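Peer 1: Below, each chain spelled out in residue letters.
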Amino acid sequence: MFYELLINAIVAGVLLGGFYVAVTLGLSISFGILDIVNIAHPAFVVLGAYVVFVLHSEFGLDPILASVLMTPLFYALGAAIYQTYFISFERRGQSAQTALRGLAFFFGLLFVTEVGLILVFGVDYRFVSAPYIGPTLRLGAIDFPMRLVVPCVMSLALFAALQLFLSRTFMGRAIMAVSQDALALRLMGASPTRIKRIAFAISIATASMAGAFLIIIQPIEPSAGRVFIGRAFAICVLGGMGSLPGTVIAGMLLGVFESLTATFGGPSWAPAVSFGFLLLTLAVRPTGLLGR
Amino acid sequence: MRSPTFFVVVVAVAVLVFVAARLFGSDYAFFAGYVVLQYVVIATAWNILGGYTGYVNFGSSAFFAMGAYTAVVLYKTSPLPLPAVVLIGGIVSGIVGLGMGYLTLRLRGAFFAIATLAMLVVLETVIVNWDYVGGGRGTYVIRPQSVALFGDYIQYLVAIMLTLCVVAIVAARLIERSQLGYGFATIRDDELAAEASGVPTLRLKLIATTLSGAFMGMAGAPFPYYITYIQPSSAFALDYSVNAIAMPMIGGTTSWLGPLIGAVLLGTLQQTASVTLSPTVNLFIVGVLLIVFVVMAPDGILGLGRVVQTWWRK
Amino acid sequence: MSELLTIDSLSKHFGGFVALDRVSLAVNAGERVGLIGPNGSGKSTLVNCICGALQNEDGTVHFDGRRMDGLLAHQRTRLGLARTFQLPRPFVSVTVAENLRIPLLYTVNARPGARLADAAIERRCEDLLSLVGLAGKAAERPTNLTQIEMRKLELARAMATEPKLLIADEAMAGLSHSEVDEIVGLLLRLNTEQGITIILIEHIMSAVMRFSQRLIVLVSGEKIADGAPKEVVSNPDVERAYLG
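Protein chains in written order, with our numbering: chain X, 1 to 292; chain U, 1 to 314; chain R, 1 to 244.
It is worth saying that the hints were derived from the structure and are not from the lab.
A few of these clues could be false.
Between beta-carbon pairs, the in silico distance windows are [as the list claims (entries may be wrong)]: (1) X:Asp35 - U:Ser178: 50 to 60 angstroms; (2) U:Tyr229 - X:Met171: 53 to 63 angstroms; (3) R:Arg189 - X:Leu280: 29 to 39 angstroms; (4) X:Thr84 - U:Thr272: 46 to 56 angstroms; (5) R:Asp118 - X:Arg186: 30 to 40 angstroms; (6) U:Ile227 - X:Arg186: 51 to 61 angstroms; (7) U:Ala297 - X:Ala76: 46 to 56 angstroms; (8) R:His13 - X:Met171: 25 to 35 angstroms; (9) U:Arg203 - X:Val68: 49 to 59 angstroms; (10) U:Arg203 - X:Thr84: 49 to 59 angstroms; (11) U:Tyr229 - R:Gln75: 13 to 23 angstroms; (12) R:Thr146 - X:Leu119: 48 to 58 angstroms; (13) R:Asp118 - U:Met296: 53 to 63 angstroms.
Here are some chain U residues the structure puts well away from chain R; computed CB gaps all over 10 angstroms [claimed, not checked]: (14) Ala32; (15) Val147; (16) Gln179; (17) Gly198; (18) Val295.
Pulled a few chain U residues facing chain R out of the computed Cβ check, cut under 8 angstroms [as the list claims (entries may be wrong)]: (19) Val8; (20) Ala12; (21) Ile95; (22) Asp131; (23) Gly135; (24) Tyr182; (25) Arg188; (26) Glu195; (27) Ala196; (28) Ser197; (29) Thr201.
Since the model is a prediction, treat every value here as computed from it, not as a measurement.
Cβ coordinates follow ideal geometry from the N, Cα and C atoms, glycine included.
Start from the sequences, fold in the hints, and give me the full structure.
Peer 2: Structure, rendered in structure tokens:
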């Protein structure tokens with residue numbers, strides 16, 4: 001009995017962890033690679049979830065399809081945010097003052113997004129339905145809830161796509177390069193600002209898809225993003241700040257840890273796990289598992 | 001203005017405010033005024049760390065709530081007079097600030113900021129799971145009917161909060177003009193250069209987080225008596241975190257005057273908006289104002305004032 | 001002469017990149033040592049390890065008879081080890097004079113012995129500013145200074161810590177001929193009149209040759225030469241790696 005509980009907790013943790021990866025991928029780009037502390041990222045994921053909710057309830061669109069359709073919009077949103085951020089902060093040069101203001105800027109965005117959602121949708125839980133949300137696949141003693149499996153699989157697909165993009169395409173490699181040597185890039189004739197803007201826009205575009213996964217896994221309400229702040233940053237730091245494969249490993253690890261805590265310790269302790277993880281990682285090994 | 005003179009002036013203003021409130025104000029004025037005064041303390045406290053040293057604390061709600069829940073624990077175990085509760089609340093929050101600082105201040109400022117958010121959630125989870133103080137459901141705190149000298153208990157609470165304001169503002173100004181204040185400024189300007197000049201940056205940062213946390217805890221300690229039914233969701237409300245940042249940033253982070261201006265302006269605005277519009281719209285406005293100011297007027301109202309002053313002189 | 005600074009097999013890497021590879025060198029009290037090498041050879045990393053801005057993985061640093069391992073940067077400054085930064089890093093929210101007050105308050109006054117009173121600190125600031133030629137700029141903000149004025153402020157701030165050893169990290173980059181001479185003259189005076197040991201890290205060879213009693217060459221994290229300037233400069237390895 002215990003063994004069954006354990007194995008199911010681990011499986012659920014891995015599946016959930018896969019989803020956490022989708023939430024964190026965007027942050028790995030904005031924070032890990034571009035060094036922009038976008039703590040509003042989880043709020044944009046929740047925004048994506050609500051957009052999916054609206055498209056689903058108005059037009060009956062499949063959640064994942066809806067989110068894919070919405071990625072250009074989120075991309076544009078990301079580009080606009082980066083432009084504002086760049087003009088207001090990055091262009092003025094790095095100092096403690098601008099760093100402080102940058103943080104305050106994203107905190108303001110986080111807050112405005114969350115409260116805006118409350119104003120529009122209220123605090124009630126919203127959910128979607130799809131053929132793959134209800135059923136559970138049973139293999140022996142192990143349950144595979146499809147509402148967890150589908151987002152996990154799609155998250156890993158998203159990761160694979162991003163990883164290929166970053167390592168094989170010109171723009172992707174330029175993005176990796178701009179984080180290390182903007183001057184060299186300028187000498188090559190590329191504009192670091194434009195490249196960073198594209199990267200940041202991509203990171204927000206991923207939020208659209210992560211949002212779909214979120215509302216598939218659980219009903220949402222406006223402050224759902226808060227618990228993800230800790231999770232996303234914990235995974236990002238633990239995964240080594242900008243290493244996408246590291247993000248995957250760290251995400252699964254965190255998912256399993258949380259699942260075990262929830263199963264054997266009680267669900268009300270789960271939020272503390274990720275944040276505790278984060279504090280511990282920051283205190284002990286800030287470079288993460290696969291850090292550079 | 002020399003420090004002893006300043007102290008006398010601030011005390012005089014505080015007394016005047018209180019007397020005026022008693023003569024002309026209504027009960028409502030006291031209830032609303034309490035919240036504004038609370039924010040003056042919180043904003044000033046935040047600025048000691050955020051404005052002076054440049055380390056952003058997103059988890060101000062946690063320090064506030066630790067003060068509040070210290071009061072709850074004391075209320076349930078051994079009720080003490082409120083000033084003592086305030087002091088103990090400050091000590092507890094100060095220790096939390098010290099501990100958190102010790103864990104995270106050796107890292108970059110951005111990591112510190114994220115860690116404060118993490119700490120906020122961890123502490124809230126701990127309190128939610130602690131049945132002695134009511135857990136997630138919350139608990140009642142009975143407010144005494146009246147107090148000698150002050151009459152209504154709410155007037156007593158306001159008097160305590162006014163005292164805290166005086167202490168916080170005088171302390172902030174003292175720090176600004178002291179060697180400690182110089183040290184803080186170097187940390188904000190360039191930590192590497194500060195270390196090379198002999199400034200013990202870690203020690204100073206720990207002092208800043210402890211002081212900042214302690215003041216926020218002191219502001220939170222009377223809160224259970226003010227609100228009489230306390231839940232984690234109200235004590236740990238993100239309102240405190242956002243306002244703690246928005247008020248100094250909108251008022252101006254370079255001196256004690258900025259948080260005061262920001263708290264009074266924004267606090268009054270919010271009290272009005274909460275009543276005429278809705279608490280949620282009010283929060284939305286605060287968030288928007290924060291973004292607008294940070295992007296367009298990063299030095300806050302004080303900065304705008306300086307610009308006007310320079311332009312006026314030409 | 002006694003050894004003031006002894007570095008023994010110092011190594012430092014960043015991930016897989018070896019920035020310093022078992023560097024050993026010694027500096028005697030009162031010496032004027034020049035440190036040269038191509039960009040990326042590890043000069044600044046060496047300074048950072050000596051002064052505590054970075055912690056080295058292997059090897060030891062002894063200063064004034066004490067081991068520096070584990071000591072924080074501000075502790076080393078208080079023991080008499082001062083440095084300037086390649087790119088000037090002034091404290092921008094205070095005035096030029098206050099930039100000098102800070103090391104006086106936090107280094108000189110933190111040492112055991114008599115503390116300077118406020119008036120004495122004021123005077124020291126004025127004296128230092130006069131010494132580097134910034135006397136008229138006491139009330140200015142550092143952001144309003146010219147390049148050379150900022151570099152002078154960097155030096156003055158390091159001098160304010162009353163060091164036994166001063167490491168000047170490319171203090172003259174981008175300066176004109178006469179400005180370079182000014183700074184070299186200033187450093188020479190510090191050494192001959194106040195007995196401060198100086199390590200000069202520079203690319204400007206004329207300044208290095210004029211100033212140094214001894215020359216050390218660092219290439220790709222390794223020390224490849226250490227001796228009298230004229231000999232070092234005519235060393236074929238040095239020519240190949242750096243001068244040629």
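Peer 1: Now tell me, hint by hint, if it's right for this structure.
Peer 2: Hint by hint, here is what the structure shows:
no.	hint	verdict
1	X:Asp35 - U:Ser178: 50 to 60 angstroms	34 angstroms, violated
2	U:Tyr229 - X:Met171: 53 to 63 angstroms	56 angstroms, holds
3	R:Arg189 - X:Leu280: 29 to 39 angstroms	53 angstroms, violated
4	X:Thr84 - U:Thr272: 46 to 56 angstroms	29 angstroms, violated
5	R:Asp118 - X:Arg186: 30 to 40 angstroms	49 angstroms, violated
6	U:Ile227 - X:Arg186: 51 to 61 angstroms	56 angstroms, holds
7	U:Ala297 - X:Ala76: 46 to 56 angstroms	27 angstroms, violated
8	R:His13 - X:Met171: 25 to 35 angstroms	32 angstroms, holds
9	U:Arg203 - X:Val68: 49 to 59 angstroms	53 angstroms, holds
10	U:Arg203 - X:Thr84: 49 to 59 angstroms	37 angstroms, violated
11	U:Tyr229 - R:Gln75: 13 to 23 angstroms	51 angstroms, violated
12	R:Thr146 - X:Leu119: 48 to 58 angstroms	53 angstroms, holds
13	R:Asp118 - U:Met296: 53 to 63 angstroms	40 angstroms, violated
14	Ala32	36 angstroms, holds
15	Val147	44 angstroms, holds
16	Gln179	5 angstroms, violated
17	Gly198	3 angstroms, violated
18	Val295	21 angstroms, holds
19	Val8	24 angstroms, violated
20	Ala12	29 angstroms, violated
21	Ile95	24 angstroms, violated
22	Asp131	44 angstroms, violated
23	Gly135	43 angstroms, violated
24	Tyr182	6 angstroms, holds
25	Arg188	7 angstroms, holds
26	Glu195	4 angstroms, holds
27	Ala196	6 angstroms, holds
28	Ser197	4 angstroms, holds
29	Thr201	7 angstroms, holds
Taken one by one, the earlier hints fail for this structure at numbers 1, 3, 4, 5, 7, 10, 11, 13, 16, 17, 19, 20, 21, 22, 23, listed in ascending order.
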